[in-house]
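A.B. asks: The lines below spell out each chain.
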Amino acid sequence: MLPFIKPHPLQIVSKNLRHDLLDMVYKNGGHIGGSLSSIDLVTAIYFGNIFNFKRDHFVLSAGHLAPALYVVLANAGYFPKNFLDTYSSFNSLLQGHVSHDVPGVEYSSGSLGQGLSFACGLALGDKKRTTICLTSDGEHQEGQIWESLLFAKKYKLGNLINIVDFNQMQIDGPTSNIMPLDNLAAKYIQFGWTVTTVDGHNLHQIISALKNAKKSDFPNCIIAKTILGKGISFMENNFHYHDVKNLPEGLFNKAKSEL
Amino acid sequence: MIINSIRQSFGETLCKLAKTNKNIYVVNADLKSSLFLNNFAKKFPHRFIECGVAETNATGIAAGLAKTGKTVFLTSFACFSPAINWNTIKQSICYNNSNVKIIGSHAGLLSTDLGATHQMLEDIALMRSLPNMEVFSPLDALETAKIIKAVTFSKKPAYIRLVRPSTPNFFNPKLDFTIGKSHRLQSGKDITIIGHGPILEEAFQVQAKLNLDQKYKKISLEIINCSSIKPLDTATILKSVKKTGHLICLEDHQKNGGLGEAVASLILSNNLSCKFIHLAVDDKFGRSAKTYQELYDYYGIGVANLLSAVKRIL
Numbered sequence: 001m002l003p004f005i006k007p008h009p010l011q012i013v014s015k016n017l018r019h020d021l022l023d024m025v026y027k028n029g030g031h032i033g034g035s036l037s038s039i040d041l042v043t044a045i046y047f048g049n050i051f052n053f054k055r056d057h058f059v060l061s062a063g064h065l066a067p068a069l070y071v072v073l074a075n076a077g078y079f080p081k082n083f084l085d086t087y088s089s090f091n092s093l094l095q096g097h098v099s100h101d102v103p104g105v106e107y108s109s110g111s112l113g114q115g116l117s118f119a120c121g122l123a124l125g126d127k128k129r130t131t132i133c134l135t136s137d138g139e140h141q142e143g144q145i146w147e148s149l150l151f152a153k154k155y156k157l158g159n160l161i162n163i164v165d166f167n168q169m170q171i172d173g174p175t176s177n178i179m180p181l182d183n184l185a186a187k188y189i190q191f192g193w194t195v196t197t198v199d200g201h202n203l204h205q206i207i208s209a210l211k212n213a214k215k216s217d218f219p220n221c222i223i224a225k226t227i228l229g230k231g232i233s234f235m236e237n238n239f240h241y242h243d244v245k246n247l248p249e250g251l252f253n254k255a256k257s258e259l
Numbered sequence: 001m002i003i004n005s006i007r008q009s010f011g012e013t014l015c016k017l018a019k020t021n022k023n024i025y026v027v028n029a030d031l032k033s034s035l036f037l038n039n040f041a042k043k044f045p046h047r048f049i050e051c052g053v054a055e056t057n058a059t060g061i062a063a064g065l066a067k068t069g070k071t072v073f074l075t076s077f078a079c080f081s082p083a084i085n086w087n088t089i090k091q092s093i094c095y096n097n098s099n100v101k102i103i104g105s106h107a108g109l110l111s112t113d114l115g116a117t118h119q120m121l122e123d124i125a126l127m128r129s130l131p132n133m134e135v136f137s138p139l140d141a142l143e144t145a146k147i148i149k150a151v152t153f154s155k156k157p158a159y160i161r162l163v164r165p166s167t168p169n170f171f172n173p174k175l176d177f178t179i180g181k182s183h184r185l186q187s188g189k190d191i192t193i194i195g196h197g198p199i200l201e202e203a204f205q206v207q208a209k210l211n212l213d214q215k216y217k218k219i220s221l222e223i224i225n226c227s228s229i230k231p232l233d234t235a236t237i238l239k240s241v242k243k244t245g246h247l248i249c250l251e252d253h254q255k256n257g258g259l260g261e262a263v264a265s266l267i268l269s270n271n272l273s274c275k276f277i278h279l280a281v282d283d284k285f286g287r288s289a290k291t292y293q294e295l296y297d298y299y300g301i302g303v304a305n306l307l308s309a310v311k312r313i314l
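Those sequence lines, one after another, are chains C and L.
If you read the first sequence in my numbering, its first letter stands for residue 1, the second for the next number, and so on.
If you read the second sequence in my numbering, its first letter stands for residue 1, the second for the next number, and so on.
Please note that the accuracy of each hint is not assured.
Listed next, the in silico EDC-like pairs over lysine to aspartate or glutamate satisfying Cα-Cα at most 20 Å (straight line) [to be verified]:
{"hint": "1", "chain 1": "C", "residue 1": "K81", "chain 2": "C", "residue 2": "D56"}
{"hint": "2", "chain 1": "C", "residue 1": "K153", "chain 2": "L", "residue 2": "D30"}
{"hint": "3", "chain 1": "L", "residue 1": "K284", "chain 2": "L", "residue 2": "E261"}
{"hint": "4", "chain 1": "C", "residue 1": "K127", "chain 2": "L", "residue 2": "E50"}
{"hint": "5", "chain 1": "L", "residue 1": "K155", "chain 2": "C", "residue 2": "D126"}
{"hint": "6", "chain 1": "C", "residue 1": "K187", "chain 2": "C", "residue 2": "E236"}
{"hint": "7", "chain 1": "C", "residue 1": "K154", "chain 2": "L", "residue 2": "E122"}
{"hint": "8", "chain 1": "L", "residue 1": "K156", "chain 2": "C", "residue 2": "D101"}
{"hint": "9", "chain 1": "C", "residue 1": "K245", "chain 2": "C", "residue 2": "D85"}
{"hint": "10", "chain 1": "L", "residue 1": "K22", "chain 2": "C", "residue 2": "D126"}
{"hint": "11", "chain 1": "C", "residue 1": "K81", "chain 2": "C", "residue 2": "D101"}
{"hint": "12", "chain 1": "C", "residue 1": "K154", "chain 2": "L", "residue 2": "E50"}
{"hint": "13", "chain 1": "L", "residue 1": "K155", "chain 2": "C", "residue 2": "E106"}
{"hint": "14", "chain 1": "L", "residue 1": "K156", "chain 2": "C", "residue 2": "E236"}
{"hint": "15", "chain 1": "C", "residue 1": "K254", "chain 2": "C", "residue 2": "E106"}
{"hint": "16", "chain 1": "L", "residue 1": "K230", "chain 2": "L", "residue 2": "E122"}
Calculated directly from the structure, the hints in this document are not laboratory data.
Based on the provided sequences and hints, a complete structural model is requested.
C.D. replies: Below you can see the structure in the form of structure tokens.
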């Protein structure tokens, strides 16, 4: 008999966040594919009762995942939820790519590969706290990432967690075609990091990996296997949904019904 | 004239300041000795962060570290930082407004024998263009010490341009350096000469030559040390140009994006008209030589070039 695994209570939360995300992107456009693949990760980071962001640090290195972070921050009470309606509009606080002007955001990003270095700097300067960085798999094609991996090992940044949204898709197609990362976990291990691989849509697994990572003495990498566009059938693994402008009403309604 | 090393002045000043200011950190990219930071690293090993030959990562490290309340000096050669890492400076330092002071040493043609790849002639242009960034180019070792001290009291990102060889001291030790202020090194009535860095010494040589020339001996140059390139001391510059009506900008940097362009834009924006010559490297790469004078003459920024510009502009 298969054991019955109770869905994690945060599953409901992340389902509602997906609705907010879709509403926001339907109105204003945005990078929906990666936001849907990473939203369970951001949910676990903010609502998993593991970290306290009055002290701990969160760095979103893949700044185009701003929609995922913005809906989480709005639901966590950092700013009013109706701000989401103004996303990427003139005079809106919510810039297209994540900006530190938004309450709760510590680092502005958008140019890939930089956030992990910044996170290393935070982790080095604030050893008593945990620094969590969220990177995409595609941005591992940037050389700066590998420079920061060497650095984190040298300075024994055990208080650093890099969680990789490993959806294997990027703007122009599958990562395996554009520039294969092959065995990313093996590469991290070779660079002296502690590596855990999880199902990036299983909140039990994500939260348990984050909790374990917090206790480690080495820099920690969590490779979260995710699905681009997760939750909406026609977006899943479809790199054309990296970024959406003007989603037709019919597709929006279909997407809403699927969530 | 006393000759001192600008970069040595930097390393020693920082070490001195770090004794009392525990927030001062160095993030270095394998150029500790060249920047006279051996002592700093020995005295404050926990505040000396070595990143290896990886300037882009070092820039991100500096930015993150600064956000934990430190005053971070990011140290390398100008040809690498702010060059390899420009976009990380833009995003991680400037846009995030991180308290990082970028030290770009070995700038300009004064890195004589090293050749084009190491003669950084575009750093001012790269840094001037960034919002939040302040840009300084000290005249000599004395002013370097004052500038380093001044930037530690500011929370803003800054770029400080240093050079490789020892150079003459001009800065009046009684004067203070203030961000956004220029000093007149010599008052004059006929031609304003504005520049940054040790090259300004040429203006004194030219004045000496004019004094010996029957035809030109009454000509006096007003020499302005524009070490604060951004923000510019607009009042001092405009006042001088209004007075003389003749302006020569002199710099060991490309014309494109250099101080001369900043000053020209300032003059035009204030509806002033004056005769203007910009002596700088004109859209060319550097090259090796045994003495900097050979290079300055070749690129048209030597003493003879300045003298000829002075005669031409009148």
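A.B. asks: It remains to establish, for every hint, whether it holds in the given structure.
C.D. replies: Hints, verified against the model:
Restraint check for C/K81 and C/D56: not satisfied, since their Cα atoms lie roughly 23 Å apart, outside the 20 Å limit. The hinted pair formed by C/K153 and L/D30 meets the criterion: a straight-line CA distance of about 17 Å does not exceed 20 Å. The hinted pair formed by L/K284 and L/E261 meets the criterion: a straight-line CA distance of about 17 Å does not exceed 20 Å. Simply put, C/K127 and L/E50 have alpha-carbon atoms about 17 Å apart, close enough for the 20 Å limit, and the pair holds.
With a C-alpha separation of about 19 Å, the suggested pair L/K155 and C/D126 falls inside the 20 Å cut-off, and the hint holds. Among the hinted pairs, C/K187 with C/E236 is inconsistent with the structure: their alpha-carbon atoms are about 27 Å apart, more than 20 Å. Distance restraint check for C/K154 and L/E122: the Cα-Cα separation of roughly 33 Å exceeds the 20 Å cut-off, and the hinted pair is therefore not satisfied. Of the supplied pair hints, the one linking L/K156 and C/D101 holds, its CA atoms being roughly 17 Å apart against a limit of 20 Å.
Of the pairs offered as hints, the one joining C/K245 and C/D85 holds, with about 15 Å between alpha carbons and a cut-off of 20 Å not exceeded. For the hint pairing L/K22 with C/D126, the CA-to-CA distance comes to about 15 Å; that is within 20 Å, so the pair holds. A C-alpha spacing of about 16 Å is found between C/K81 and C/D101, which places the hinted pair at or below 20 Å, so the restraint holds. Of the supplied pair hints, the one linking C/K154 and L/E50 holds, its CA atoms being roughly 10 Å apart against a limit of 20 Å.
For the hint pairing L/K155 with C/E106, the CA-to-CA distance comes to about 17 Å; that is within 20 Å, so the pair holds. Restraint check for L/K156 and C/E236: not satisfied, since their Cα atoms lie roughly 44 Å apart, outside the 20 Å limit. The suggested pairing of C/K254 with C/E106 is violated, with an alpha-carbon distance near 35 Å, which exceeds 20 Å. The straight-line distance between the Cα atoms of L/K230 and L/E122 is roughly 15 Å, inside the 20 Å bound, and the hint therefore holds.
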